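Colleague: Residue strings, one per chain:
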Amino acid sequence: DTEVTQTPKHLVMGMTNKKSLKCEQHMGHRAMYWYKQKAKKPPELMFVYSYEKLSINESVPSRFSPECPNSSLLNLHLHALQPEDSALYLCASSQDRGVEAVQPQHFGDGTRLSIL
Amino acid sequence: GDSVTQMEGPVTLSEEAFLTINCTYTATGYPSLFWYVQYPGEGLQLLLKATKADDKGSNKGFEATYRKETTSFHLEKGSVQVSDSAVYFCALSDSNYQLIWGAGTKLIIKP
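Sequence lines, in order, name chains A and B.
If you count by the numbering used here, then the first sequence holds residues 45 to 160, one letter each, in order.
If you count by the numbering used here, then the second sequence holds residues 92 to 202, one letter each, in order.
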């Protein structure tokens, strides 16, 4: 079982809807991530939060709005999405970088998003 | 910039065959290296990792050794099972919370 929980597992929405994706981890990790993954491709990084502050935004369109209410939770608010935004959205978390090595990221099972 | 190159798939093997999935990288520093696996309809699972040269990561019968001299991190398993069918991603990370991913290799194991 994954230690990063994402809800919902599936989401279908129209282009005018507003919805939110949720992610939760209880591993004490202080870095959390949103990725977008298209079929048969590796994940593309969207946002990184470190200690609840946004540290990386990979030039993501403003129709995607991340939020980190506390160290265990990460949300992705969606508004006015386009059909090309249909994809698997993955959340991940990791320990902050250790002294000697980068810490691995742990992924949830994702939300499969379809835009009509 | 940093990059990861994986062998193209799909790789099709019979059950109990020996598996090798090649992964090579280019990096300016001394990255950590990872293999992730994605089963159909699921997210990514960390399969194994290595953080410095000559480290060997292992998990569930899979192994990979961090070879600095050949800049490689090839994934191996001695005897594959049908349940190993999945997409395997090689990745590296340097210092910015960012993973650099290979394109992924789809593995198909036939009974």
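Worth double-checking, as some hints may not be accurate.
Where chain B lies over chain A, by a calculated footprint (3+ residues, C-beta under 8 angstroms) [said to hold, decoys possible]:
| no. | stretch |
| --- | --- |
| 1 | 79-91 |
| 2 | 120-126 |
| 3 | 146-160 |
Hints are computed from structural coordinates only; laboratory data are not their basis.
Since the model is a prediction, treat every value here as computed from it, not as a measurement.
Don't be surprised by glycine CBs; every beta carbon is placed ideally from N, CA and C.
Colleague: Could you tell me which of the hints above the structure violates, numbers in ascending order?
Modeller: 2
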